[in-house]
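As given, the protein sequences belong to chains A and B, one line each in that order.
Per my numbering, the first sequence starts with residue 1, numbered consecutively.
Per my numbering, the second sequence starts with residue 1, numbered consecutively.
What the hints contain is simulated information worked out from the structure, not anything from laboratory work.
Keep in mind it's a predicted model, so treat the numbers as computed, not measured.
Heads up, some of the hints might be wrong.
[As the list claims (entries may be wrong)] Facing chain B, according to a computed beta carbon distance under 7 Å, are these residues of chain A, among others:
(1) Ile35
(2) Val42
(3) Phe61
(4) Phe63
(5) Glu72
(6) Ala73
(7) Val75
(8) Gly76
(9) Leu81
(10) Ser82
(11) Leu83
[What the hints assert, rightly or not] Residues from chain B shown here face chain A by an in silico Cβ test under 8 Å; the list is partial:
(12) Leu24
(13) Phe135
(14) Glu139
(15) Val147
(16) Gly150
(17) Glu160
(18) Phe171
(19) Tyr178
(20) Gly188
[As the list claims (entries may be wrong)] Ranges between beta-carbon positions, derived for each pair:
(21) Leu296/B to Gly3/A: 50 to 56 Å
(22) Ser52/A to Leu422/B: 36 to 42 Å
(23) Val406/B to Gly54/A: 44 to 50 Å
(24) Arg85/A to Gln354/B: 24 to 30 Å
(25) Ala65/B to Asp93/A: 45 to 51 Å
(26) Asp93/A to His275/B: 34 to 40 Å
Quick reminder that beta carbons are idealized off the backbone N, C-alpha and C, glycines included.
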Amino acid sequence: MVGTTQYLVLGAVLFCIGVAGVFIRRNAIVVFMCIELMLSAVSLTFIALSRSQGSIDGQIFVFFIMTVAAAEAAVGLAIILSLYRRRQTINVDEFDLLKW
Amino acid sequence: MGIETGTVMLSIIGPEVVLVLAALGIMMTDLFVKSDSEQPFLMWIGFVGMLGALAVSASFWGKEAAYGFYGMVVADNFSAFFTTLFLIAGGLTLLMSSGYVRAQGIAAGEYYTLTLFATTGMVLMAQSTDLIMLFLGLEVLSVSLYVLAGMAQDSTRSAESSLKYFMLGAFSTGFLLYGIALLYGACGSTRLADIGSVLAQKQILREPMLLAGMGLLLTGFGFKIAMAPFHRWAPDVYEGAPTPITGFMSVGVKAAAFAALLRVFAGSLAALSPHWKELLWIGSVLTMTIGNVAALRQTNIKRMLAYSSIAHAGYILIGVVAGGSAGTGAVLYYLLVYTLMNIGAFAVVITIEQKGEKNLNLSAYAGIGSRHLALGAAMAVFMFSLAGIPPFSGFMGKFYIFSAAVKEGYIGLTIIAVLNSLVSVYYYLRVTVMMFMQEPESGAEEAAVFFHPALAGVLLIAIFFTVQMGLFPSSYLQFAQDSIKMFL
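With the sequences and hints as input, model every part of the structure.
Here it is in structure tokens:
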């Protein structure tokens, strides 16, 4: 029987993997994927909590997270693309014109 | 709850509606703009929209709090205060931009539209009474600013700044959302009022989920207000973004995040205040110390102002920690004061800046004061005010914050803050000294000054209020005090 706790733990683990990925990975798109993983982990947590409490608010919140994540992805990928056109790289370590 | 929530009440989001309509108007008009010389027209559409929104939000002032969208947004004195502040910041930013956008070859239509959308997000944040709405407002604001930060077409720096802002912004949103999720799990609602009433029963105050949620939420907000240790993005982003946008971010985003911070922490999570006050105490000390010390050795004026803005976030946090009528009122007053003086300082930077990020180095400021007396005097006013030297408004702001902290017994924090503000005098005065007492290095090209009527207007408004709020602070302080009655 999978209970709320298991979902919450899974959510926490996914969130931590996402955070670790943001710090470790150097490819801008992979970093972005890690951020999306964090958001998905949050969505999972919301749904699990929503179910355990029998209230619908959490599930509605997930819709908003998905919508906003899509908008962010559109803007984020465009930014990465425009930077790639200028620098021919998406390695975040090489974006060093401004002291990081 | 006793809150009438059964209706939509479109009038509650009146300021947002006006701003969005103006933004759409700019987008449409942009299609018919043929030459560069017609661009200021777009700016004026935005400016009129801001004035309209200001009129709508002023009509909310002094009335009973009115709720809309099933209790998700509220129009009360607090939101009216912050809406006014955002619209001042946004309006002055539009005026500052009009010459800059043309000189830098930035796509004007998109630029003004996004500025208005960002302002809309800020207003939404200040009005939200539900964490869903707060999140949406934050995202409207952030996504617009990610793009605005990268708008300077010919600059790789700008694109880089945009990427950094986007990455760290999205990253911090993850923390904020996780905090909201855990808070929802602990309290069973995303409504700020419901969370407050659940916590008031004091049965779950020690629950780990609640404390973790609070910590994550604080981390998320910490990123937005550039609180140390989450401040690392700010100097890079502020340096690379177009200068008017840097000014807008340093005052607008900060004020919006503080508005939300006050609503959530001082409002709903008041029962947890021993926990978050301790964290904010440490955050405040770190923020102002790191900001001030790092600002000492900056040679780029935008980077220096970025660190200065971090340091000011530290001072404002003191007011949040002190809390109560005096502390919270001082926070609002300081935000208003800071908005005007910092926008003013950025207006001077824009005046001296030239195409291609030239003249952003401090050495370019040498001798400008003696050649352009008015400009030098303006910068001196803003720098003195930022440093907290009387009689300018920055002094009164610091005075109210520090005295509130002393009254609440945070003597140690106040001493650290006073020492910090002494340190800051050095780097603020250095700019003034450069402008008036040094000659440009021989052979160095003299910095040309770029005067634009709208920019001169911004400078005059900023100087007027910086002096006036310093000399006659009581009515502004009263304005701030009237805005926070619902917390007390």
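A quick look at each hint next to the structure:
| no. | hint | in the structure |
| --- | --- | --- |
| 1 | Ile35 | 5 Å, holds |
| 2 | Val42 | 4 Å, holds |
| 3 | Phe61 | 6 Å, holds |
| 4 | Phe63 | 10 Å, violated |
| 5 | Glu72 | 6 Å, holds |
| 6 | Ala73 | 9 Å, violated |
| 7 | Val75 | 5 Å, holds |
| 8 | Gly76 | 5 Å, holds |
| 9 | Leu81 | 10 Å, violated |
| 10 | Ser82 | 5 Å, holds |
| 11 | Leu83 | 5 Å, holds |
| 12 | Leu24 | 17 Å, violated |
| 13 | Phe135 | 7 Å, holds |
| 14 | Glu139 | 5 Å, holds |
| 15 | Val147 | 6 Å, holds |
| 16 | Gly150 | 6 Å, holds |
| 17 | Glu160 | 5 Å, holds |
| 18 | Phe171 | 6 Å, holds |
| 19 | Tyr178 | 5 Å, holds |
| 20 | Gly188 | 5 Å, holds |
| 21 | Leu296/B to Gly3/A: 50 to 56 Å | 55 Å, holds |
| 22 | Ser52/A to Leu422/B: 36 to 42 Å | 53 Å, violated |
| 23 | Val406/B to Gly54/A: 44 to 50 Å | 48 Å, holds |
| 24 | Arg85/A to Gln354/B: 24 to 30 Å | 25 Å, holds |
| 25 | Ala65/B to Asp93/A: 45 to 51 Å | 50 Å, holds |
| 26 | Asp93/A to His275/B: 34 to 40 Å | 37 Å, holds |
Consistency with the previously given hints fails for numbers 4, 6, 9, 12 and 22, ordered from lowest to highest.
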